[in-house]
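Asker: Spelled out, the chains give:
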Amino acid sequence: MTDAILQMRGITKTFPGVKALQDVNLEVRRGEIHAICGENGAGKSTLMKVLSGVYPHGSYDGEIYFDGGMCDFAGIRDSEKRGIVIIHQELALSPYLSLAENIFLGNERAKRGLIDWNRTNAEAADLLNRVGLRENPTTAARDLGVGKQQLVEIAKALSKEVRLLILDEPTAALNDEDSAHLLDLLRGLRDEGITCVIISHKLNEIEAVADAVTILRDGRTIETLDMRAGGVTEDRIISGMVGRDLEHRFPPHESTIGEEVLRIEDWTVHSPTQHGRVVVSEAHLTLRRGEIVGLAGLMGAGRTELAMSVFGRSYGVDISGRVFKNGKEIQIRTVGDAIRHGIAYATEDRKRYGLNLIEDIKRNVSAARLEKVANRGWVHDNEEYRVAEEFRSSLNIKAPSVASTTGNLSGGNQQKVVLAKWMFTDPDVLILDEPTRGIDVGAKYEIYGIINRLADQGKAILVISSELPELLGICDRIYALSAGRITGELSRANATPERLMAYMTTVKE
Amino acid sequence: MSSVAPTSDQIPTNTSVAVDPDLTSPPTNTPRSRSSVGLRQSGIYIAFAAIIVLFEVLTQGALLEPQNISNIVVQNSYILILAIGMILIIIAGHIDLSAGSVVAVTGAIAAVLMVNQHVSWPLAIVITLVMGALIGAWQGFWIAYFGIPAFIVTLAGMLVFRALTLTVLGNQGIGPFPDNVRTLANGFTPGFLGNVGLGVLGGADLFSLIVGVLAVAGIFGVQWRARRGRIGYRQAVDPLPIFALKLAGAALVLMFIIVQIARFKNLPWVLVLLAVLVLAYTLISQRTVFGRHIYAVGGNLQAASLSGVKVKAVTFWIFVNMGVLAAIAGIIFAGRLNQAGPTAGNSFELDAIAAAFIGGAAVQGGVGKVAGAITGGLIMAVINNGMSLIGSPSERVMLVKGLVLLGAVAFDVWSKRRAGRTR
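Here the protein sequences line up with chains A and B, keeping their order.
The first sequence lines up with residues 1 to 509 when you count with full-length UniProt numbering.
The second sequence lines up with residues 1 to 423 when you count with full-length UniProt numbering.
No lab work stands behind these hints, which were simulated from the structure alone.
Some hints here could point you the wrong way.
Partial chain A-side listing against chain B, Cβ under 8 Å, derived [unchecked claim]: (1) Cys71; (2) Gly75; (3) Asp78; (4) Arg263; (5) Gly276; (6) Ser314; (7) Val335; (8) Asn356; (9) Leu357; (10) Glu359; (11) Ala367; (12) Ala368; (13) Gly377; (14) Trp378; (15) Val379.
Within a straight-line C-alpha distance of at most 16 Å, the following computed EDC-like cross-link-like pairs (lysine to aspartate or glutamate) qualify [as the list claims (entries may be wrong)]: (16) Lys81/A to Glu161/A; (17) Lys325/A to Glu259/A; (18) Lys81/A to Asp67/A; (19) Lys265/B to Glu395/B; (20) Lys310/B to Glu371/A; (21) Lys310/B to Asp337/A.
A short list of chain B residues far from chain A (calculated; beta carbon distances all over 10 Å) [to be verified]: (22) Ile46; (23) Ile52; (24) Gln60; (25) His118; (26) Ala137; (27) Gly175; (28) Thr189; (29) Gly229; (30) Gly232; (31) Leu240; (32) Val289; (33) Gly299; (34) Asn346; (35) Glu395.
Quantities reported herein were computed from a predicted structural model and do not represent experimental measurements.
Note that beta-carbon positions come from the ideal geometry of N, C-alpha and C, so glycine has one too.
Can you make the complete structure from the sequences, with help from the hints?
Answerer: Here it is, written out as structure tokens:
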């Protein structure tokens, strides 16, 4: 019997319509670094939210034992009281507060309601020292780089007398040097007796630092591997992450591929928020008539950023590179330019960026090219209605009429409205970012059918997806993106989940 | 569960289809949510009618006397004009706190041009409108292209343009205005065709009556054509009796107002101006690409921007438009008082904002109609007028107006939340 500090048994968590976790088991030994691996959507973050009380006891099935005692956390405060601290992927520092204020936020060092600043700053300095950060505790958090901010988060966790530290993708936004420093720090904490659970997509890091790995897939525990014994390679982990058979979830399709429509060369994009950070680096991409091309990549690889920067510079600064349409170089400075050049981009977050939810279907369908149903600035209402009605029947949008509010539709039908909106612009190139996220199996099948039909009409299609089976199921060719670089290109015949995952986790210099 | 999982013919039979949780509701739900939207839209008109009936009773019929109707329109025309510009700004998700000060400064500019510089009045009006546009462009620039929230920019504008008013006027009122401008602001169309007897109702201006009849005929024609067009496109339309009933109701109300106004005097010029503006802006907001873009920007800024809408330009131009409308209001207000004063337009912006929100605009933007804002403005006008007729002190008028504004927006929020819950 090993000395387990944490045992999660039979955890099942259901969201409306989706089983996010199904009978998941996790056992973490005292004083180890335990990694959790899995594809996007495998349930890693959900599991950690169950553990830390973000999803309170009772909203899930199963049992959690921490340090021998049963846990029934009603919220994140309860779990922190027991010494379980989670550091989320998106850093949660308040940018204008000092480091010391951030570290003790919600946990202030106070005497009779008044903050004891001397104690606050002195203790903060000690904690910063412990994580190897030589900064003045009165510095504002925003003056630090992401790597150092990550360390401040850890210092904040240490201030809560952490016993189990959970890190969700701690190195996703860090450069190699900062990552290495962070991993060193984790080893140091382990030696001090703090147990760590780390979620990461970077398999080389896991190989380097983890004592054990638990692999999740489709909301289930697949296996737990002991890394200390040696012999567990990245490939071994990958096969655990992807090993599933492709069911008949995709409509059969033979693409008739024609000449090149769009070519992107040397495409480099910098982050608008973090000065100097390269988000997309020298990417090359080719799309051809009638071809469905996939773009695979893990969270943070720069897929959406690549697409949006091409689509009228909707993302990024210092964008360089060239775009060719039908062999001729084109300049795309605005979204309007992109639409005029026959490029359409359906966003991954349809509610925030894709639709005007308070408007009806027809006004959403016509939104991206209203001029088509207008004459000298005057909109032809009836024509708009007719066109929208055509899409409603051809795409099988389930709504009483095109005058229905889009906000009242289901996810699948909203997605069809988004597709209709971009089909209405008569594009030659359609970039579909996560076209089936959050919609049910039936609607997914319909969306795949629509994508196939668009390809048959001679349009070039780029599908961005986090679901490898989806890419393998519908694409003729797949690019893999890792840390902003195209690391590989696989034809349908050569593409396997393992190869793709290997490319997606490659870190090129 | 009355609804069936969709598209069974397209899905391989071995795949079990999860019933989309959202899909199970629409068949029963959408009519309900549609009717609640309908209630929100028509609720304002029902409330307006109720308030009119209430005050008609409380004032023992004085409210709808010919002269009083004319007064309500003339006394509130500048607020209603501002409300038209304001609703467009609110639909786009912004606000304008400077409207009152812009009314004052444009009135002052007009006064200096006409009274001190003796510029001919048509030219002076054109120059004033251009100044209004420039003021709007100034604010629009900071909001749209510099990215400062409209609240801040127009709060600054409120102070700056009030200060400029005082500077231009040299701290005193300037007047009197030329007769033509006063007629425009306060006067009536000449009785081109003389009076005609209406039996017990007494005499009425024939020209006004003819205009009224033509307007009704116009409404009939336009509505009938729209209906035919929709039928041609196989869209759902109201059954003929209901369609006829609605039209008849609208015609009756319109003719009643016109007859009352005609019995008092001729048509007020500002009513003509207001009618033209309402018609024009209703068309612009509902039927043009630009109007649609205003709704798109307010409904979902990011989605609009990713749909190729020139978000910044739209924002800029609605503020330019607001500046022009404020200049029109400024000329009319100054002309009506026959003098441009340093306190002109004080808190007009608040009345215009209140009119827009009472008229069904949403705080988050994306929703609202010109007709709604006008109705909202008229509701406040009737409350003002009715309460002063029954001799209420001004603090009570203010109290009631405040509570009506709060109540109207609370109703809006409540009905939206209810619609959200049934979804």
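Asker: For the hint on Ala368/A, just tell me whether its beta-carbon gets within less than 8 Å of chain B.
Answerer: Because about 4 Å separates Ala368/A from the closest Cβ in chain B, which is inside the 8 Å limit, the hint holds.
Asker: The output says Ile46/B does not contact chain A. Does that hold with a beta carbon cutoff of 10 Å?
Answerer: 22 Å, holds
Asker: Per the CB criterion, is Gly276/A less than 8 Å away from chain B?
Answerer: At 23 Å from the nearest chain B Cβ, Gly276/A fails the 8 Å test, so the hint is violated.
Asker: Beyond 10 Å from every Cβ of chain A: is that where the Cβ of Leu240/B lies?
Answerer: Non-interface label stands for Leu240/B: nearest chain A Cβ at 19 Å, farther than 10 Å.
Asker: Regarding the assertion that Thr189/B does not contact chain A, is the least Cβ-Cβ distance greater than 10 Å?
Answerer: Given that every Cβ of chain A is farther than 10 Å from that of Thr189/B, nearest at about 30 Å, it holds.
Asker: Does the no-contact call for Gly229/B survive, Cβ to all of chain A over 10 Å?
Answerer: 5 Å, violated
Asker: Could you check if Val335/A really has its C-beta closer than 8 Å to a C-beta on chain B?
Answerer: 4 Å, holds
Asker: Just to be careful: measuring from the Cβ of Glu359/A to every Cβ in chain B, is the smallest value less than 8 Å?
Answerer: 6 Å, holds
Asker: For the hint on Ala367/A, just tell me whether its beta-carbon gets within less than 8 Å of chain B.
Answerer: 5 Å, holds
Asker: For the hint on Ser314/A, does the least C-beta distance to chain B fall short of 8 Å?
Answerer: At about 6 Å, which falls below the 8 Å cut-off, the nearest Cβ of chain B leaves the hint on Ser314/A intact, so it holds.
Asker: Gly299/B: least C-beta distance to chain A exceeds 10 Å?
Answerer: 4 Å, violated
Asker: Mind checking the alpha carbons of Lys81/A and Asp67/A for me, to see if they're no more than 16 Å apart?
Answerer: Given that 16 Å is the threshold and the Cα spacing comes to 13 Å, the pair holds.
The structure fails to meet hints 1, 2, 3, 4, 5, 19, 29, 30, 32 and 33 from the earlier list, while all remaining hints are met.
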